[in-house]
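For this one, chain C is given, so just place chain S on it according to the hints.
There are 2 protein chains.
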Amino acid sequence: MKEIQVGIIGFGTVGRGTAEVIYKQAERIAKRSGLKIVLKRVADIVSDTLPAHFGNVILAKDANDIFNDPDIDIVVELIGGTTIAKTFILQAIEKGKHVVTANKALLSIHGTEIFAAAAAKNVEVGFEASVGGGIPLIKALKEGLVANRIESIMGIMNGTGNYILTQMTDYGTPFAEVLKDAQEKGFAEADPTYDVEGIDTAHKLVILMTMAYGMHMRLEDVSCEGITAIQPIDIEFAKEFGYRIKLLAISRNHGDTVEARVHPTLVPEKHLLANINGAYNAIHFTGDMVEDVLLYGKGAGMMPTGSAVVADIVDIARNIDRQAINRVPSLSYLPDQFTSRGITPMESIRCPYYFRFSTVDKPGVLSKIAGVLGNNGISIESVIQKARKQKGSVPIVMRTYEACEADVTKALAEIENMDITIADTVKIRILVDEEE
Amino acid sequence: MKEIQVGIIGFGTVGRGTAEVIYKQAERIAKRSGLKIVLKRVADIVSDTLPAHFGNVILAKDANDIFNDPDIDIVVELIGGTTIAKTFILQAIEKGKHVVTANKALLSIHGTEIFAAAAAKNVEVGFEASVGGGIPLIKALKEGLVANRIESIMGIMNGTGNYILTQMTDYGTPFAEVLKDAQEKGFAEADPTYDVEGIDTAHKLVILMTMAYGMHMRLEDVSCEGITAIQPIDIEFAKEFGYRIKLLAISRNHGDTVEARVHPTLVPEKHLLANINGAYNAIHFTGDMVEDVLLYGKGAGMMPTGSAVVADIVDIARNIDRQAINRVPSLSYLPDQFTSRGITPMESIRCPYYFRFSTVDKPGVLSKIAGVLGNNGISIESVIQKARKQKGSVPIVMRTYEACEADVTKALAEIENMDITIADTVKIRILVDEEE
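So the sequence lines, in the order shown, correspond to chains C and S.
Letter 59 of the first sequence, counting from 1, is numbered 1494 in the numbering used here, and no numbers are missing.
Letter 65 of the second sequence, counting from 1, is numbered 1500 in the numbering used here, and no numbers are missing.
It should be emphasised that the hints constitute simulated quantities derived from the structure, not laboratory data.
Nothing here was measured: the structure is a model prediction, and the numbers come from that model.
Any given hint could turn out to be false.
[To be verified] Only some residues are given here: those of chain C computed to face chain S with a beta carbon under 7 Å: (1) G1469; (2) P1739; (3) R1762; (4) G1777.
The C-beta atom is built at its ideal place from N, Cα and C for all residues, glycine as well.
With the rest of the complex left out, here is chain C (with noise of 0.2 Å):
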């Protein structure tokens, strides 16, 4: 039976997962593709051995021994970050190794330099564990809707943000006391700031908006908003609306430009994004052929990412042992045929909007931010205004008919210059739900 052999940079826990998939998958992968997938060699800094049931793999600290062995034939790079990482996967590249990367940062950052080197060499970049862990939604993308001119991009893609929100929604605990606990059970990173700021989704956007419309994007595209202010009191609103708030990346296809935001969004309580809890992932494709498609499962995980990566080492397998590399181009779109698209501005945006005011508590404040919402053009839909006070404010609650971002911007500015306002205005975006 042909071999495969495999090298993997880094022995965390995407690291030591993959090599498990590998391990525990070999036989049926043989029986799957006659091809043995053997993993040689680990790299890793910190690790002195290797678990016995792995065998005859070879560890050792410095990289380089994978990339000057000529039996290996394909890089796994799992070591994060982005500078030693594109660093590795160039040398890689450059000595004529496929490779396989988890890596959403380095990608959305360097992508457009790293396949381009790839292309240079004819080597393939895989990438299916980098967005939603275990989730064959890459390849679902570039190949399953390859008839689709792909219309939005809908996703929960951080599962560290969705159980924080989650815990949230459950138990009307606060951020920051849910982060904390996240924190000592290993659910979230000791620095939390790419998943609760956004940056992580906003990573995975770009990967996904390059490859569904096949254009240039870079990470300062994307409109980027986290969730450290979401108070469980607008949570509880959201669902005295029939919502529930969830950070959600968000592209749409306007044609010459594309949207590119991800923020907290109320989403409407029967809508699938709604019901996504804990650690999930789940990500939802329109397309004008397919119309909607959802994928679901854990965003991330030693075992679910390395079936994602193990999955791109085997399409890989395939492809060199039929001689057939490149056979799918790494993003969907041949690289020729990328185009550049221009961002839609967030000021054109037009959606509902959840609004929060915190107001002195006298007759006529709902009547004055009514007021100041009408002469911008913003309809009220329903409005919640309750004795609830909040350190000594008096919340409104509303949610609106669908308003243009810059007129919303326009409204709160002129609201907050009014004396009415003790603290900052809470703007949430509503999803509308498209399938209804």
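Showing chain S alone in chain C's frame:
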């Protein structure tokens, strides 16, 4: 640019959809594959003309015109049924053509013969559209989950049945009335047997199990119950218990044996499958590495199904172009790796149950029922007994703890032999949400 020529047999809804997708997406597919997909011929016994925008496509009554055309690489069978369709597919294979089909009935009954014939001629058989319409789930199972032992398959795979149950749930309308309305609107066939009796779902389960487990599988192996006996009152009681009633295909992998069943099921209301409504389908896989994966989308329809058919065409076209035919085995596992597995007898299935007894209105009835259940090792989890008379009888509704099907069958027979029931007992299996 290399051309791959296609002939379509059958120009009904999906045939027209496929032709439209090829026409509308030709440029996009070329940008993604470097290949030009050309619809050269259509064979249909009733059509006399083709839409003008298809240009030079040749229409004929005789499918042999397609088989005998040496330019045609891929034959798309979309006439349905298990007789002529089989002959056509075998003829196409005999002529060395690759085949794409959406025909789940045919593949579930004659798949073994068809895939063997294709292997002998080294041609491909694509069938993405046969399960789940536009959802790219066959590819996900074959390639995305390649490094997984599939532990379970659960799904809503019939849009008509799900539409009927959704209408019954939302409006309390009886089955017969919803069916009649669906037929008038064209959502249900004039003969709805396959949809409402679960047979269509069983066809699809056979295809998925064959691929998921690499096993020979027969339609007769599936235990199959439809939704014709479901009454609005059961949907109401299910709601009170916190469930929705869905027609599910269920398979669990026990190693030596595998479960294969299709029946109405009480699904916990928070489970994603409980929230799949109308004509949508959703398939949930559990893999030993990836854990849960769910894929959701339109389970039927002209363009969604066309999208899946064309994804298969492009997949095969890429393999033709790269001389990598059967790069991935049609049924996931290499033909010589297929094994025979036993089917878990229904009598040994264990799950919680919903019962609705129609009993005479006398004291002591509940106690008698509970006694028989207890004697058969079945524990009651909760009971609803209300003064709602149905045709002179009183319904006693209960949810049990997990019990064995054989014990349930025996207990219900004993209860029906007593003089306290005045109509058949309704028995519906309950899904346990293993994610919780």
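Take the shortest C-beta to C-beta distance between C/G1777 and chain S; is it under 7 Å?
violated, 19 Å
Report holds or violated for the interface hint on C/R1762, using the least CB-CB distance to chain S and a cut-off of 7 Å.
This hint holds: C/R1762 lies near chain S, its Cβ roughly 5 Å from the closest one there, short of 7 Å.
Restraint satisfaction for C/P1739 [CB to CB of chain S, less than 7 Å]
holds, 5 Å
Verify the interface restraint on C/G1469: the C-beta must sit less than 7 Å from at least one C-beta of chain S.
With a minimum Cβ separation of about 6 Å from chain S (threshold 7 Å), the hint on C/G1469 holds.
Checked against the numbered hints above, the structure violates only hint 4.
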